[in-house]
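Enquirer: Listed in order, the protein sequences are those of chains C and S.
The first sequence maps to residues 93 to 412 in our numbering.
The second sequence maps to residues 509 to 775 in our numbering.
There's no promise every hint is true.
With a straight-line cut-off of 20 Å between C-alpha atoms, the simulated SDA-like cross-links for lysine to any residue are [what the hints assert, rightly or not]:
{"#": "1", "chain 1": "S", "residue 1": "K603", "chain 2": "C", "residue 2": "G121"}
{"#": "2", "chain 1": "S", "residue 1": "K762", "chain 2": "C", "residue 2": "K403"}
{"#": "3", "chain 1": "S", "residue 1": "K603", "chain 2": "C", "residue 2": "D254"}
{"#": "4", "chain 1": "C", "residue 1": "K403", "chain 2": "S", "residue 2": "K564"}
{"#": "5", "chain 1": "S", "residue 1": "K762", "chain 2": "C", "residue 2": "V318"}
{"#": "6", "chain 1": "S", "residue 1": "K564", "chain 2": "S", "residue 2": "S738"}
{"#": "7", "chain 1": "S", "residue 1": "K537", "chain 2": "C", "residue 2": "D254"}
{"#": "8", "chain 1": "S", "residue 1": "K603", "chain 2": "C", "residue 2": "T124"}
{"#": "9", "chain 1": "S", "residue 1": "K762", "chain 2": "C", "residue 2": "F216"}
Derived from the structure by calculation, the hints contain no laboratory data.
Bear in mind the structure is a predicted one, so any value in this text is a computation, not a measurement.
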Amino acid sequence: MSQMLRVDEGKAGVDHGRRVWNGFGRPIGRNTVFLWMLVPVFVLLGLRIYVPVLQGIVLAFRQYNMLNLSNTGFNGLANFSAVILDVHVSFLRILLNTFVWVAASLVFQFVLGFTLALLIRSPFPGRGLYASFVFYAWSLSGFAIGLIWAWLFNGQFGVANDVLLRAGLIERPIGFLSDPRFAMMSVIVANVWYGVPFFAIMLLAALQSVPRELYESAEVEGAGQVRQLFSITIPYVMPTIVSTLLLRTMWIMNFPDIIYGMTSGGPVNTTTILAIQMINKIFQEYDYGQGSAIGVIIMGILFIYAFFYLKVSARWEVRL
Amino acid sequence: MRAILLLLFLGFAVAPLCWIIVTSLKNTKEIYTFPLLYFPSQPTLESYHRLFSFAKFGLYFRNSLVVSVLAAAGALIVSLVGGFGLSRYTAERGKRLILLGLYFTQMVPGFLLMVPLFNMLSALRLTDSLWVLAAVYGMMVAFGTIMAKSFFDRIPPSIEEAALIDGCSTLQALFRVILPVTLPGIVAIFSFSFVNIWNELFLAVMLLSSESNVVVPVALNSFISKAGVSWDVLSAGIVVSLLPTIIVFSVGQKFIIAGLTEGSVKG
């Protein structure tokens, strides 16, 4: 935070001295002009986010089923209890799925992304081209990625099964997306594939800002590669690691697109995360009240998470 | 060792896309043969032909393109003006409050907003319109504003001071003097918005209803629920749907990477 909030002292001095004239012959400060430039941004965000989010929170406490709009009054915590005590899907199961989905995706995306960033940190011929081939997945749609991986993991004609069969590792095809034992693993693989480039891009930029002299003096002292990684590189890029992990956690938690394209939450709800359950409530049951209740739960979890995460990581000078 | 790892990453990254392209070039029979054929015996563009003739994919593609370009351009202009103001604004407390307001938007689950947006728009009878969808997408200006701010932070204010002395207004200084220097930032913000808008599915499903207004992600979504669409046509649809963002990414790659890291690492 500190860096982005730093204000250039010299600039401020100039600003106070200068006045511009509005149409009515009254002088206004430059700062006022700059503030007015932000008005369109906040008018749009107000209509698009701030007002709807308040309405969404209100909706979570109202009975609001599109199939039965005769009574749309407030119903207290009924939506929350309906979601939490749902007899079709155990809420605990959904929470556990969400945790596994977020944690596993995050760990593998980070480890692989960091490895990739370390690998392409020093230049080699064709690095630019190489980067566009390993980074392109970042620009694809989550839903399309879900479809692609659904095809790769297809139980009958999927290439994953074919490779494993030819290698003699399995005897008959595995129903990656229909077998409850493999479904969560499969969607996580797809999400890792999608997320590695993002981590690599963020960490690469941070890696390139590590001063060379640090390594030079470490070599003089006889520190090996592994020592250098843990005592110089990782501490130096820690703020980026911490802020990227926080940002990604929020995005992955709010990101049902891949699962929706691959399993839609099945088989027998083994890949149903909070965001998928919310989609089900809205698009299948048309119960906007319960859907909004899940949204409020997600937002609550994220706020609590961000609060503690930033508290714990304050000593790494996170700049959000 | 390093070369082997680099090759492994490359393989992991490109194999899925290659396999979808191979699938799209097979005929229907060869897709459903096992063990698999790794190269189609007779590569054919039949699935692409079916995609554009029966499924009217050309229309959906055009719809998506119009919506994404309009929305991204609108978001770009608002973000540039706002980001410039934010970068040059000097009251420290106000600045912190504004940034907090911008970062808050990144935390809100998008799905919580969908129902209220839908209700507002249907009360105004504004649903099922590509223009309205573009406007709704174009209103997502928070990340663009943050990115623009960090680009302007690197341009010394003395440049526009000089322009102001020459008699330009603040807006004139922004558009005539500053923007040409900020071209990389402009490319980054536009590409970033374009990619996000092109890929958005759920809001489009909710706001659009008529056949003539279908956009690409909605079309793919209806393919999987429709019986009779086989994996060769679906693969062709996926390949076509990925092309625009891949092109935008490869053109703007350098700037996008700079923009992403500037935008969210330093904020």
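Enquirer: Hint compliance check: list the failing hint numbers for this structure, sorted ascending.
Expert: 2, 3, 4 and 5
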